[in-house]
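**Student:** The task is simple: from the sequences and hints, build the whole structure.
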Amino acid sequence: MFTSAGKGPVAVDFVDLHRHFGNVRALDGLTLAIEPGELVCLLGPSGCGKTTALRILAGLDHPTSGEVRVAGKDVTRVPANRRDMGMVFQAYSLFPHLTAIDNVAFGLKLRGIASGVRRKRAGEMLELVGLSEHADRYPHQLSGGQQQRVALARALAFQPSVLLLDEPLSALDAKVRVQLRDEIRRVQLEVGTTTLFVTHDQEEALAISDRVGVMNAGRLEQVAPPAELYSAPSSQFVAEFVGLTNRVPAVVRDGTAAVLGRQLPALAGSVNGDGLALIRPEAISVVPDEQGPATVVDMSFRGPVTQVRCELHRADGGEPIDMVVQMASAAAQKLTIGGRVQVDIDSAAVLVVPV
Amino acid sequence: MPMRRARSLVPLVGVLPFFAYLLLFLLIPTVVVIVGAFQENGSFSLSNIHALTNAATVDALRSSVVLSASTAVIGGLLGALLAAVIASAPETSLVRRAVLALSGSLAQTGGVSLAFAWMATIGLGGTLTTMVQNALSIDITASGWLYEMPGLILVYCYFQIPLMVIVFLPALDGLRPQWREAAQTLGANRFQYFTQVAIPLLLPAFLGSLLLLFANAFAAYATAAALVSQGSSILPLMIRAALTSEVVLGQQHLAYAIALEMIVVVALIMGAYAWLLRRSSRWMR
Amino acid sequence: MKRWLRWLVLLVFAVYFFGPLLSMLDFSTKTGTGGRSGAAWKALVTNHEVLGAIGQSLLLCVTTVVLMLVILLPTMIWVRLRLPRLKRLIEFLCLLPLTIPALVIVVGINGVYAWVNYFFGYSPVVLTFAYVVLVLPYAYRALDSSLSALDVTTLAEAARSLGAGWLTVITRVVMPNLGAGILSAAFISVALVLGEFTFASLLNYQTLPVVIDLFGKRDAHVSVAAALGSILFASALLLLLSLAGTRSRGRKGA
Numbered sequence: 001m002f003t004s005a006g007k008g009p010v011a012v013d014f015v016d017l018h019r020h021f022g023n024v025r026a027l028d029g030l031t032l033a034i035e036p037g038e039l040v041c042l043l044g045p046s047g048c049g050k051t052t053a054l055r056i057l058a059g060l061d062h063p064t065s066g067e068v069r070v071a072g073k074d075v076t077r078v079p080a081n082r083r084d085m086g087m088v089f090q091a092y093s094l095f096p097h098l099t100a101i102d103n104v105a106f107g108l109k110l111r112g113i114a115s116g117v118r119r120k121r122a123g124e125m126l127e128l129v130g131l132s133e134h135a136d137r138y139p140h141q142l143s144g145g146q147q148q149r150v151a152l153a154r155a156l157a158f159q160p161s162v163l164l165l166d167e168p169l170s171a172l173d174a175k176v177r178v179q180l181r182d183e184i185r186r187v188q189l190e191v192g193t194t195t196l197f198v199t200h201d202q203e204e205a206l207a208i209s210d211r212v213g214v215m216n217a218g219r220l221e222q223v224a225p226p227a228e229l230y231s232a233p234s235s236q237f238v239a240e241f242v243g244l245t246n247r248v249p250a251v252v253r254d255g256t257a258a259v260l261g262r263q264l265p266a267l268a269g270s271v272n273g274d275g276l277a278l279i280r281p282e283a284i285s286v287v288p289d290e291q292g293p294a295t296v297v298d299m300s301f302r303g304p305v306t307q308v309r310c311e312l313h314r315a316d317g318g319e320p321i322d323m324v325v326q327m328a329s330a331a332a333q334k335l336t337i338g339g340r341v342q343v344d345i346d347s348a349a350v351l352v353v354p355v
Numbered sequence: 356m357p358m359r360r361a362r363s364l365v366p367l368v369g370v371l372p373f374f375a376y377l378l379l380f381l382l383i384p385t386v387v388v389i390v391g392a393f394q395e396n397g398s399f400s401l402s403n404i405h406a407l408t409n410a411a412t413v414d415a416l417r418s419s420v421v422l423s424a425s426t427a428v429i430g431g432l433l434g435a436l437l438a439a440v441i442a443s444a445p446e447t448s449l450v451r452r453a454v455l456a457l458s459g460s461l462a463q464t465g466g467v468s469l470a471f472a473w474m475a476t477i478g479l480g481g482t483l484t485t486m487v488q489n490a491l492s493i494d495i496t497a498s499g500w501l502y503e504m505p506g507l508i509l510v511y512c513y514f515q516i517p518l519m520v521i522v523f524l525p526a527l528d529g530l531r532p533q534w535r536e537a538a539q540t541l542g543a544n545r546f547q548y549f550t551q552v553a554i555p556l557l558l559p560a561f562l563g564s565l566l567l568l569f570a571n572a573f574a575a576y577a578t579a580a581a582l583v584s585q586g587s588s589i590l591p592l593m594i595r596a597a598l599t600s601e602v603v604l605g606q607q608h609l610a611y612a613i614a615l616e617m618i619v620v621v622a623l624i625m626g627a628y629a630w631l632l633r634r635s636s637r638w639m640r
Numbered sequence: 641m642k643r644w645l646r647w648l649v650l651l652v653f654a655v656y657f658f659g660p661l662l663s664m665l666d667f668s669t670k671t672g673t674g675g676r677s678g679a680a681w682k683a684l685v686t687n688h689e690v691l692g693a694i695g696q697s698l699l700l701c702v703t704t705v706v707l708m709l710v711i712l713l714p715t716m717i718w719v720r721l722r723l724p725r726l727k728r729l730i731e732f733l734c735l736l737p738l739t740i741p742a743l744v745i746v747v748g749i750n751g752v753y754a755w756v757n758y759f760f761g762y763s764p765v766v767l768t769f770a771y772v773v774l775v776l777p778y779a780y781r782a783l784d785s786s787l788s789a790l791d792v793t794t795l796a797e798a799a800r801s802l803g804a805g806w807l808t809v810i811t812r813v814v815m816p817n818l819g820a821g822i823l824s825a826a827f828i829s830v831a832l833v834l835g836e837f838t839f840a841s842l843l844n845y846q847t848l849p850v851v852i853d854l855f856g857k858r859d860a861h862v863s864v865a866a867a868l869g870s871i872l873f874a875s876a877l878l879l880l881l882s883l884a885g886t887r888s889r890g891r892k893g894a
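Chains as they are written, first to last, in the working numbering: chain B, 1 to 355; chain S, 356 to 640; chain A, 641 to 894.
The set of hints was computed from the structure by calculation and includes no laboratory data.
Source: prediction; values computed, not measured.
Hints should not be assumed to be uniformly reliable.
As the list claims (entries may be wrong) - Covered stretches of chain B, as calculated for chain S (at least 3 residues, CB under 8 Å):
(1) 55-66
(2) 83-89
(3) 94-106
Claimed, not checked - Quick look at which bits of chain S chain B covers, simulated, 3 or more residues with Cβ under 8 Å:
(4) 522-535
(5) 551-561
Beta carbons are placed, not taken as given, at the ideal position from N, Cα and C, and that holds for glycine.
**Tutor:** Written out as structure tokens, the structure is:
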């Protein structure tokens, strides 16, 4: 109902973007193609360049070299106020002297749309984000979550070709964060705008994206749908940044890794010979066994699942290996702290990294 | 019950010295002025209040208002300009710190030193005077304008501009960069950002600062007293004349009346200032 | 704003603000015959009247700062600790001198000062009482922002639980942590006292500004020299304060 007539969703391309600040390389050759209507997340630790990339796309920053293309056209030199992109900032971006509805209508006012039409459209946007009753409130009268919803409505009111979100949930409470991220995804799917979302919270990224791009030190490590990123990380950085990982000794020969008594396919990017296999906590299972190689050290009840910490004793008598196992709480009830357990893996493939 | 009430009153003893001090040196003098304005020859009288409507007093009031308003507006605009120039600099920038420190000291600079600074520049035998005299053979001190309204305005701006910088800078600092960037992404050019976002947001603080400058100039005494050795062109100088007058006794109470007039004006201005401050602080968080 | 425009604006303001200061330097070192002389400046340390006035003003600075701290500091700390509901009232009272012009206070203070003179004599030092009132708004603000940055209640509770009495809490626990605010209040007070003219002249005391004004007709060069001296001194103090302020900000800790 809201896709602009004649203006379908557009593709966005980053072409070999570099951004240097003196000696610091904020972006070191970023190339990424975003499909029309896709929600792509840029995920990474602070300083990885994700916000820089977003701001360059918005026009608030300029690359040292490289191109930005929207719908195939080079927009690198186009000023920010003419790029037709809606942006949601981390916080404090609503104009304090305007009511919620006037904030939302701001972009429409700038485009010369008549007052009556403006108000109606802004009202519809506020309804889309569920804030119709707060239309005449001022930002300081709204909660953080409500302010961000207004910001979202404002960014979409003028039907931009691209939607940009710069860590919009980071400043909010945990519970509000979860609610709002689902809202954002719902709205984005309904409106169908190509969207770039920047965050350092990997759970957020996995929950709402079509694809996630993990960034590190100005470079893209891997771009893939969330499930693929989780189960088939292409590098140690990705495996360790996204979700928890255990590192268990393994030996790789001819593409097969021998780990914890099992033979599993080694993912592309694994080393040959001795290495450490990166295994997810939920891929490991433990059962009580007097002869088992591991000892239960600690258990942390998390509701439906329990996190169990074990120490795996090595055959060669070296330092025991710390492992974090995630299992159903019902099964965890059978374990005792200090008791010995047998360890088993259930994983389709593993990434083995150097020791 | 009485025991508990007595216990909660004991801490009040701690602030007794403070209140007593203020009572003696601030509140009693003020009350003396207010009461004295309505007295003449030891009894209640409205004659001094009535004297406020004399031509001379009304003239002095008008001049005071003109002086205060013009230096508030001029000082306000120029001060806002200077503040805008340093607002964009980071907090540790040398220029910003230097301008702020200088503004702090110039805003407080005693009026006497100020008056002499300008007399040394464009007064009789002043540096600029001699320079212009030697170069263009024009005597800029001829009309004695330095010691009249134009001169007062020029000299007052010397402390009004720094005061504006100090008072208005926090408002400029409170303009978040996100607002500017949000406006840009929504399609606003520079002009639209200024007229639709920045100026509406800064207006209450700006007007409030102007009011503060007005009150400051209105109440100022030292500079005018040093520049104008004789005469009562503005209200403060009129008070001086009434207090130091050796010719006409009983002028004391006229001084009270004029002082009361000053309190009323300044109180009104400061009240409006407080109201505006509360309005704008809602946003600047 | 464009860089060159910024510097141009700063330059114009610099000329407006430093010009008169330079003129003062020029004027105070001129002689009638067109040469240069340091006579006016020498007079600052040799002329009795001037020297006396400088001494009185400096003494007033010290007494004002001390009395201001004695009156204001314990009161503010006490209110914060035990009478938080009085905070607004105290704040209003401290900002009142901004609304009641000094000129007005001086008009009404004659009666009170008759008593002061009776008890303390006729020395200019008695101006201290009035000056503390004038300085109140600025000192209050400086001390208040310093106090707000400190969690006074927790500090006090910790000290009390260790056995400290209220006097110890105020003098040995809270005050040492207020260094920045106290310094700031002190410097602003000094700047104000050095330039205060209204009270001194209308109550007939010979402080520095009063003498500068008197000399204006007698020997303008000395006046200007003294005026420039006091501006530079006050500015140096406030500059020092701002530099110390920004340096100590980095050292704020638990």
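**Student:** Out of the numbered hints, which ones does the structure contradict?
**Tutor:** Hints that this structure does not satisfy do not exist here, as all of them hold.
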